[in-house]
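2 protein chains.
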Amino acid sequence: MTRIPRTDERRLWDSLMEMARIGATPGGGVGRLALTDLDREARDLFVRWAEDAGCTVRIDRIGNIFARRSGGDESLPPVMTGSHLDTQPLGGRFDGIFGVLAGLEVVRTLNDAGIATRHPIEVVVWTDEEGARFRAGTAGSSAFTGLRSVDDMLALRDPDGKTLGAELARIGYAGNAPVGGMAVAAFFEAHIEQGPILEAEGTTIGAVQGAQGQRCFLVTVEGEEGHAGTMPMDRRRDALLGAARMVDALNAIAFRHRPMPVITVGSLRVRPDSPNTIPGAVTFTIDSRHPDDATLDRVGAEMRSTCEDIARDLDLALVMTETSHRASVSFDPDCVEAVRRAAARLGHTCRDIYSGAGHDACNMAHITPTGMIFVPCEKGISHNEKENARPEDLAAGADVLLHVLVERAGAGAASPGASTV
Amino acid sequence: MTRIPRTDERRLWDSLMEMARIGATPGGGVGRLALTDLDREARDLFVRWAEDAGCTVRIDRIGNIFARRSGGDESLPPVMTGSHLDTQPLGGRFDGIFGVLAGLEVVRTLNDAGIATRHPIEVVVWTDEEGARFRAGTAGSSAFTGLRSVDDMLALRDPDGKTLGAELARIGYAGNAPVGGMAVAAFFEAHIEQGPILEAEGTTIGAVQGAQGQRCFLVTVEGEEGHAGTMPMDRRRDALLGAARMVDALNAIAFRHRPMPVITVGSLRVRPDSPNTIPGAVTFTIDSRHPDDATLDRVGAEMRSTCEDIARDLDLALVMTETSHRASVSFDPDCVEAVRRAAARLGHTCRDIYSGAGHDACNMAHITPTGMIFVPCEKGISHNEKENARPEDLAAGADVLLHVLVERAGAGAASPGASTV
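Those sequence lines, one after another, are chains U and E. For the first sequence, this note's numbering assigns the number 1 to the initial residue and increments by one for each residue that follows. For the second sequence, this note's numbering assigns the number 1 to the initial residue and increments by one for each residue that follows.
Everything labelled a hint here was simulated from the structure, so no lab data went into it. Hints should not be assumed to be uniformly reliable.
For chains that are exact copies, the list does not tell them apart, and a pair is met inside one copy or across any two.
What the hints assert, rightly or not - Computed list of lysine to aspartate or glutamate pairs in EDC-like fashion (alpha-carbon distance at most 20 Å, straight line): (1) Lys386 x Asp248; (2) Lys162 x Asp152; (3) Lys386 x Glu222; (4) Lys162 x Asp234; (5) Lys386 x Asp315; (6) Lys162 x Glu201.
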């Protein structure tokens with residue numbers, strides 16, 4: 001096997017920082033919602049970098065971007081890596097972006113060292129992973145892997161009623177390539193942990209075994225509007241009081257089953273949202289996750305009956321709809337072992353870890369051998385402007401990614417298509 | 001004393017229904033926020049009707065509209081009546097509007113009967129009573145009575161950052177007349193009760209003795225954003241969990257002191273409001289009311305210490321700011337007695353009642369003898385699309401208003417300025 005060089009820590013960090021300028025927030029984070037003008041800017045920058053690195057760029061109908069570094073045998077399916085460039089409204093500089101730019105750094109490092117691979121390597125930017133705008137999450141990889149239909153994803157609407165498809169066309173990323181339906185040799189995604197474990201233990205690399213199952217719900221509580229000054233307390237049907245008790249009770253359910261599951265009410269809206277009107281309706285989301293699917297289902301039933309009890313007590317109407325259900329995922333044992341092996345070869349501490357978050361890799365695991373590489377992030381904070389990671393940890397993750405990609409893609413064969421090699 | 005005719009029940013009802021078309025909601029109510037294009041339309045319609053009824057229209061710098069029916073002695077201060085035309089986002093057809101159009105109906109009735117009064121009578125439309133948009137409430141009458149400065153009111157901002165002053169100019173209702181500083185002989189406001197008492201008892205007229213004191217607060221709870229999938233429950237600082245417990249606890253405080261006070265959290269907003277991000281901050285309003293000012297202050301202290309305890313428990317930061325404080329109001333005993341007398345003269349059942357809501361009349365009570373006339377509304381529902389009232393009850397209220405206005409304005413003197421008389 002070819003001696004594999006190290007990635008360039010400084011180059012990777014500088015690329016991350018340059019990308020972070022697009023949608024930079026006053027609090028030091030990034031606000032770059034999917035398919036906004038800022039997302040377009042980030043995509044344009046990635047495409048330019050990828051082409052500068054000799055890649056051929058392909059865009060599919062759902063806007064996924066594939067930057068392909070030719071292989072020695074172009075008839076072989078590509079080994080893929082990548083993540084996403086969209087962020088939460090007040091997100092960080094690394095969630096998703098690191099996975100994309102670590103892939104690019106691998107390509108740049110291979111180019112510099114003149115290393116060719118037998119399989120092509122593709123660095124992919126998945127469309128709308130966060131779901132912060134169109135409320136679905138992993139839209140691009142769900143469509144690519146056939147877990148959800150392309151048309152369903154294109155029809156998703158943001159709170160202003162704009163569809164994902166129309167916004168994709170508006171920013172110029174509604175491509176011509178078909179979505180999915182192609183062989184992929186393997187998929188690896190590098191990512192910050194987004195949790196506190198690696199940092200707390202002083203471990204550099206997480207070999208991700210799988211991801212928690214996740215069930216999301218939309219809950220609507222309906223009472224009756226009324227005048228804040230004249231409606232006696234005991235005649236009220238206050239939707240916000242009901243929703244507040246539910247939020248508290250859902251939290252208590254999570255604690256009852258500790259240390260798992262995690263249950264989060266992240267979005268809550270009041271109607272009509274006027275200081276002197278008793279709220280007539282409240283809509284809120286529930287995000288629940290657990291590594292064991294059966295337990296997650298039991299928790300779901302408990303959440304539902306608890307909300308129903310509260311609604312009944314307060315004479316409120318309740319509608320609780322499941323908006324997404326993702327079973328837990330186990331990654332390919334060979335891919336997980338490849339990560340462990342690469343970390344050991346590079347001299348990095350490594351531990352097995354379970355992902356609390358959903359990732360595009362969880363979708364890819366349904367169609368190809370898949371693995372993930374976690375690196376520590378500061379205090380486990382993510383989906384937050386303060387999200388932070390150390391350059392040396394990010395480079396360590398990129399080094400592990402380089403090793404597993406070269407191992408899967410097969411080094412040594414001349415690559416006539418890669419002009420810089 | 002001149003024999004006073006009845007108002008025209010059908011004409012009053014038709015005017016109310018015509019006005020209700022402006023901003024009509026699918027649910028049968030009205031959504032006509034202050035100083036929107038819809039508010040302009042409503043104001044234009046009122047001005048046209050007032051001019052058709054022979055009134056001279058004057059608009060002051062804060063946008064209050066005064067429709068003046070000349071008196072026999074124009075040097076005397078006017079007797080005023082009126083209310084407001086703006087509504088809640090999903091409000092009703094009567095709250096405020098009835099008080100304005102009952103005043104107009106009085107003028108029309110006096111015109112038809114050829115009755116002149118010694119004092120001029122002015123029907124006023126107060127600017128932005130509801131406070132649903134600019135978050136203050138009774139902006140126009142607060143400025144008129146000097147309780148708050150004109151400049152402070154003009155500088156109020158809506159959630160989009162637009163000022164009340166700029167919006168007033170935009171819709172063409174930033175008038176030239178000075179705000180207040182004039183003598184007013186008396187003020188009467190007719191209004192639906194917005195509570196359930198009159199209807200439940202089968203009483204037609206409420207002689208309003210005064211209004212509850214009201215204290216409003218803006219509360220900001222700050223925790224820390226984090227990823228919904230990866231942050232363990234026991235490391236979270238979830239601002240929405242804190243806010244939810246506060247909403248529940250505030251409700252419990254109101255019940256502990258029942259049947260008073262009323263405490264309402266009407267507006268609550270989450271940041272960043274994303275389904276898979278732990279809420280970093282929540283802002284909500286508290287509206288608390290009680291007829292006794294000392295008790296209201298004790299309740300305020302209890303609310304504050306309760307919220308502080310919850311914030312401390314959950315390691316959250318709390319800022320609780322008082323945004324408005326209105327002392328309880330007692331109306332002028334002679335005005336209250338005039339209402340009782342008129343109801344008796346007209347053969348209507350009548351009871352003394354306390355207003356749970358704030359009204360422009362509460363501000364006017366600080367500068368002139370003031371009274372209010374309540375009529376029943378269906379199930380006490382107000383600030384709601386379903387707000388409803390019976391034509392005969394509304395006409396009864398207008399009849400009482402006609403009597404008390406003529407009594408105060410002094411009938412019998414010729415009115416050279418009122419051409420239709």
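* Asked: What label fits Lys386 with Glu222 when the C-alpha limit is 20 Å: within, between, both, or neither?
  -> Close across copies (15 Å), not inside one copy (36 Å); limit 20 Å.
* **Copy assignment of Lys162 with Asp234, given that the CA separation must stay at most 20 Å** => neither (41 Å within a copy, 38 Å between copies)
* Have a look at Lys386 and Asp248 and pick one of within, between, both or neither, based on CA distance no larger than 20 Å. => Neither, since 26 Å and 31 Å both go past 20 Å.
* To do: Could you figure out if Lys162 and Asp152 sit no more than 20 Å apart (CA to CA) within one copy, between two copies, both or neither?
  => within (14 Å within a copy, 38 Å between copies)
* Can you tell me if Lys386 and Asp315 fall within 20 Å by alpha carbon in one copy, between copies, both or neither? -> Between copies, since 18 Å is at most 20 Å while 42 Å is not.
* Measure nothing new, just compare the shortest in-copy and cross-copy C-alpha distances for Lys162 and Glu201 to 20 Å and report within, between, both or neither. => Result: close neither inside a copy nor across copies, 44 Å intra and 51 Å inter.
Checked against the numbered hints above, the structure breaks hints 1, 4 and 6 and satisfies the rest.
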